[in-house]
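J.: One letter stands for each residue in the lines below.
2 protein chains.
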Amino acid sequence: MPELETAVGIDIGGTNTIFGFADREGNILSEGQFKTSQYGKIEDFVAALYEKIMAAGHKISGRIEIKGFGIGAPAANIHKGTIEYASGLPWKGIVPLADIFHMHTSLPVIVTNDANAAAVGEMIYGGAKGMKNFVVITLGTGLGSGFVVDGKLMLGHDGFAGEIGHTAIRPGPSNRECGCGRKGCLETYVSATGLKRTLLKIMADSIEPSELRKFSFDQLDAKMIHDAAKNGDTLAKRAFLHTGRMLGFKLADVVAHTNPEAIFLFGGLALAGDLIFEPAREYMEENLLSIYKGKVKLLESQLSTQNAAVLGACSLIWSKDKI
Amino acid sequence: MPELETAVGIDIGGTNTIFGFADREGNILSEGQFKTSQYGKIEDFVAALYEKIMAAGHKISGRIEIKGFGIGAPAANIHKGTIEYASGLPWKGIVPLADIFHMHTSLPVIVTNDANAAAVGEMIYGGAKGMKNFVVITLGTGLGSGFVVDGKLMLGHDGFAGEIGHTAIRPGPSNRECGCGRKGCLETYVSATGLKRTLLKIMADSIEPSELRKFSFDQLDAKMIHDAAKNGDTLAKRAFLHTGRMLGFKLADVVAHTNPEAIFLFGGLALAGDLIFEPAREYMEENLLSIYKGKVKLLESQLSTQNAAVLGACSLIWSKDKI
Chain A
1 MPELETAVGI DIGGTNTIFG FADREGNILS EGQFKTSQYG KIEDFVAALY EKIMAAGHKI
61 SGRIEIKGFG IGAPAANIHK GTIEYASGLP WKGIVPLADI FHMHTSLPVI VTNDANAAAV
121 GEMIYGGAKG MKNFVVITLG TGLGSGFVVD GKLMLGHDGF AGEIGHTAIR PGPSNRECGC
181 GRKGCLETYV SATGLKRTLL KIMADSIEPS ELRKFSFDQL DAKMIHDAAK NGDTLAKRAF
241 LHTGRMLGFK LADVVAHTNP EAIFLFGGLA LAGDLIFEPA REYMEENLLS IYKGKVKLLE
301 SQLSTQNAAV LGACSLIWSK DKI
Chain P
1 MPELETAVGI DIGGTNTIFG FADREGNILS EGQFKTSQYG KIEDFVAALY EKIMAAGHKI
61 SGRIEIKGFG IGAPAANIHK GTIEYASGLP WKGIVPLADI FHMHTSLPVI VTNDANAAAV
121 GEMIYGGAKG MKNFVVITLG TGLGSGFVVD GKLMLGHDGF AGEIGHTAIR PGPSNRECGC
181 GRKGCLETYV SATGLKRTLL KIMADSIEPS ELRKFSFDQL DAKMIHDAAK NGDTLAKRAF
241 LHTGRMLGFK LADVVAHTNP EAIFLFGGLA LAGDLIFEPA REYMEENLLS IYKGKVKLLE
301 SQLSTQNAAV LGACSLIWSK DKI
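One line per chain: the protein sequences are A and P, in this order. Following my numbering, the numbering of the first sequence begins with 1 at its first residue and continues without gaps. Following my numbering, the numbering of the second sequence begins with 1 at its first residue and continues without gaps.
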């Protein structure tokens, strides 16, 4: 029996690192995950990750051939294979991730930010098949973005294109602090964390009751706010409305930069459906220049949610010509 | 003697339309200009323009072969050869410019926004030779932008990429009205008109004397404010400082979208030199994410100012493969 060609996809997030083996059709053959923060040294992290990947690989029945490792991570530089000054990760400064990975393997290692990986994944496996110009916005702990321009991932001169999570939505010294050291960045409003912050602000300003008032900031997560909103909790609904509007407002700016055919929302917050899509769509349309009005689709990512980040990272290996 | 290959470049601005013949090396062989606003009907405008171009062509000594017509115009759609809902032009709605042009000639006609033309011009004739990722910002009556991504002009799905003049710098219902119908757009602050508006605001808020207080809004232009600032006029200097800062602040956002190697400023306001570049550079750097700091060059366009717009439009004909 011939060996099955597989790619290993790895998604390094602020909270969890997940990985998996996928074939060219996007079938996940094996997967695993662990807490990112338990490894303070990047060398220890990579050694443990590599070991876990190999263990997961051995569970696959039949012979496989690994074609390479695709890695999605915050603030990743695809040209150098580095993670540089990622505010949400335990490792500071410039981290030579690909080089450290190559201490364990001589196979190709492609490192790019998680949103770029999601964009390539959407193009290869998801809803952007056949599209030449689109944007993927990842809504996780933070907010990432990946741009495909004329059929190729836009990388920029230093490999850092697509950091719109750190564009100014509400500039000014009194505004929300961002992990990047600046103030008023988009992701301080539009992300799982941003949603929590907005909810707390609304709780502070309002006297209305809410089932969420009994939870601390640390206890709260986007899923709880989503569930509360579905159950009719006024404050939770208002937090989503505000988050969606901020997103929609900013998407009009994104369109004015790159004029995409579609914008895909990806990640936990995107699962809130109409709660986030309706206000986002309304405010985007309201703020678009007339030449763009009614033309830009705002869509949910079509990558299967459970494995989306891993598939995105795998797709980097299958589409080297588009990077 | 063989015929000299030439392109005709046309720049349609809100105030003036200028045109010229150039060879492949960027030498201008003949040129002309007239007021855009004197033709209320687009068919009359094109007929008069075509006649003037032919008359200018006859003045060139030696035989020439025209290879095509490159046209820079606001809100132009390169895919369709149209101008669509340009707020600063006399013709409303969707104007099929290339089609009307083809009533006079069967040669190629390429229509794109003036900033895209400037970007291609910068790549072919100017300071962006050899660069693969850069942005050109045109500072005229309004503010335009052209993006080159991976060596090609970024057009977007509908041919309308690069309208950052209409991204929000100061959103909100009480903010400056823009010709596009929205409020708080970048070009209401950063453009020749924006500079005038800022000066008037500063005059209104301050009691300091200024030689510019004796001129009406209609009388004022960017050159007068520039001259006054050079002569030490405090209000004029302050107007430039504010304009430059607003620009720099927004450029940090532009970098977060596309991570260019350089940003070129083009057009009248760019000639103000340090008056605009210093505050723009300072505020851009201050607002850049750490991964971009110190890496993005803010440069003056290297197209010869007098013919820059015409050269940019001509370059569309010489670089069809990059569009």
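Simulated from the structure, these hints should not be mistaken for laboratory data. The reader is advised that the hints may include incorrect statements.
[As the list claims (entries may be wrong)] Pairs of lysine-lysine, DSS-like flavour, derived with a Cα cap of 25 Å: (1) P:K92 x P:K67; (2) P:K35 x A:K295; (3) P:K320 x A:K152; (4) P:K183 x A:K183; (5) A:K322 x P:K52; (6) P:K295 x A:K152; (7) A:K35 x A:K52.
[To be verified] If you want the footprint, here are the derived chain P segments under chain A, 3+ residues with CB under 8 Å: (8) 57–69; (9) 160–170; (10) 176–185; (11) 233–247; (12) 256–270; (13) 277–285.
Even glycine gets a Cβ: it sits at the ideal position worked out from N, Cα and C.
J.: Run every hint past the structure and note whether it holds.
T.: Hint by hint, here is what the structure shows:
1. P:K92 x P:K67: 30 Å, violated
2. P:K35 x A:K295: 34 Å, violated
3. P:K320 x A:K152: The given pair, whose Cα atoms are some 19 Å apart, holds under the 25 Å limit.
4. P:K183 x A:K183: 23 Å, holds
5. A:K322 x P:K52: 46 Å, violated
6. P:K295 x A:K152: 23 Å, holds
7. A:K35 x A:K52: 12 Å, holds
8. 57–69: violated (count 0)
9. 160–170: Contact hint for the region 160–170 of chain P vs chain A: holds, 8 residues under 8 Å.
10. 176–185: Since 3 is at least three, the answer is holds.
11. 233–247: Contact hint for the region 233–247 of chain P vs chain A: violated, 0 residues under 8 Å.
12. 256–270: holds (count 6)
13. 277–285: violated (count 0)
The structure fails to meet hints 1, 2, 5, 8, 11, 13 from the earlier list, while all remaining hints are met.
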